[in-house]
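Generate the whole structure from the sequences, applying the supplied hints.
To get this note's numbering, take the position in the sequence shown, counting from 1, and add 437.
To be clear, the hints were calculated from the coordinates, so they are not data collected in a lab. Note that beta-carbon positions come from the ideal geometry of N, C-alpha and C, so glycine has one too. Honestly, I wouldn't trust all of these hints.
[What the hints assert, rightly or not] Computed beta-carbon distance windows for the label pairs:
| # | residue 1 | residue 2 | range |
| --- | --- | --- | --- |
| 1 | Val523 | Arg737 | 22 to 28 Å |
| 2 | Arg690 | Ala519 | 46 to 52 Å |
| 3 | Pro703 | Val523 | 51 to 57 Å |
| 4 | Ser627 | Pro668 | 39 to 45 Å |
| 5 | Asp742 | Arg709 | 25 to 31 Å |
| 6 | Ala460 | Arg540 | 42 to 48 Å |
| 7 | Val751 | Asp614 | 34 to 40 Å |
| 8 | Ala460 | Met560 | 37 to 43 Å |
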Amino acid sequence: MTLPIDRPGPYLRALSWGLHALAPHEDYVPMNAARAHLAALDPAMSGALLSPAAVDEASGLPAFSWMERVEAEAILARRGSADTDVGDEALARAHRMDPALARRMEQRRALHRHLRTFPILPMSTLTVVVRQVHPRTVFSLRYDRVAPMGGWMCVRVDLSGAWGWTGDELFQVHTDDTVTAVPGLQHLFSRHVLTPLVALFDQVQAATAAEITRITRTFVGPFWFPGGPVPDDAPEAAHGALVLHLSQALLSREITQSHHRDPWTPRVLGERLPEGFGMFRERRFAATPARVAPLQAWSRSRGVDTVVVPIRPVRGG
438 MTLPIDRPGP YLRALSWGLH ALAPHEDYVP MNAARAHLAA LDPAMSGALL
488 SPAAVDEASG LPAFSWMERV EAEAILARRG SADTDVGDEA LARAHRMDPA
538 LARRMEQRRA LHRHLRTFPI LPMSTLTVVV RQVHPRTVFS LRYDRVAPMG
588 GWMCVRVDLS GAWGWTGDEL FQVHTDDTVT AVPGLQHLFS RHVLTPLVAL
638 FDQVQAATAA EITRITRTFV GPFWFPGGPV PDDAPEAAHG ALVLHLSQAL
688 LSREITQSHH RDPWTPRVLG ERLPEGFGMF RERRFAATPA RVAPLQAWSR
738 SRGVDTVVVP IRPVRGG
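In structure tokens:
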């Protein structure tokens, strides 16, 4: 769906405030990058440069095509600098000759300066760091993706090997101590990122032949808002309101007893977990203040005491 001309700003700011209220932890896509991405889309900064304002019908988040335009502008911004940006004198001349053109020039300058200052969400990227070398070597993989359908997701996997294991068949450790993964690993995550978490565990285990000690997948979204896509079976309190979801599934050896704290997604009956692992699932919400208590009551009616926080304006966006 395409938002009416007067809706993108309020929509984007409400989504940004919802993220701020929920304060996603490090297992989610980076919050500051997400909010910087939304700020770039906001007509208050970029005018109509990134239009049309398209929203994904399934998730209620900005559509992939809309998000991708920010990445394209970021590439252009990085090729320039403050010295190559249009100057004030040139803008003044443009205002005298063509005010509409001058406004677009100002907006592009503001957008590029913003994109050179703040990181934005990666559309698809795999990063690797060495978390531990003794008594066992642990590599931590992180796959961030803005999915064409399905929200903003992050998958994190900890791979462990005996002390001295270098993971040469999977990673390249550079002289500056940065680590990159072989291309096949990114392809693996791209293909299987939406498969059930236990199946993803099996795929990564088979592909790496390493010991997985922890795997988690998180989603930002869906985002329900007035006039936007809301499922028929959504709680009554969600209709005509702002509701942002954050959800996580975590499979780890450190979880001794599995927990299900997701009132929206049913439990997986008969799910077979890897031996020695427990599963933790949760979903949290940010919502219009008047709908916080009704959503908490709905959650409790489904046997889950989940977190629901109010969406409130944030100074400075």
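Now the hints, each set against the structure:
1. Val523 x Arg737: 22 to 28 Å: violated, 56 Å
2. Arg690 x Ala519: 46 to 52 Å: About 49 Å separates the Cβ atoms of Arg690 and Ala519, which means 46 to 52 Å holds.
3. Pro703 x Val523: 51 to 57 Å: Holds - the Cβ-Cβ distance for Pro703 and Val523, about 55 Å, lies within 51 to 57 Å.
4. Ser627 x Pro668: 39 to 45 Å: violated, 27 Å
5. Asp742 x Arg709: 25 to 31 Å: holds, 27 Å
6. Ala460 x Arg540: 42 to 48 Å: violated, 35 Å
7. Val751 x Asp614: 34 to 40 Å: Since the Cβ atoms of Val751 and Asp614 sit about 36 Å apart, the hinted range of 34 to 40 Å holds.
8. Ala460 x Met560: 37 to 43 Å: For Met560 against Ala460, whose Cβ atoms are near 23 Å apart, the range 37 to 43 Å is violated.
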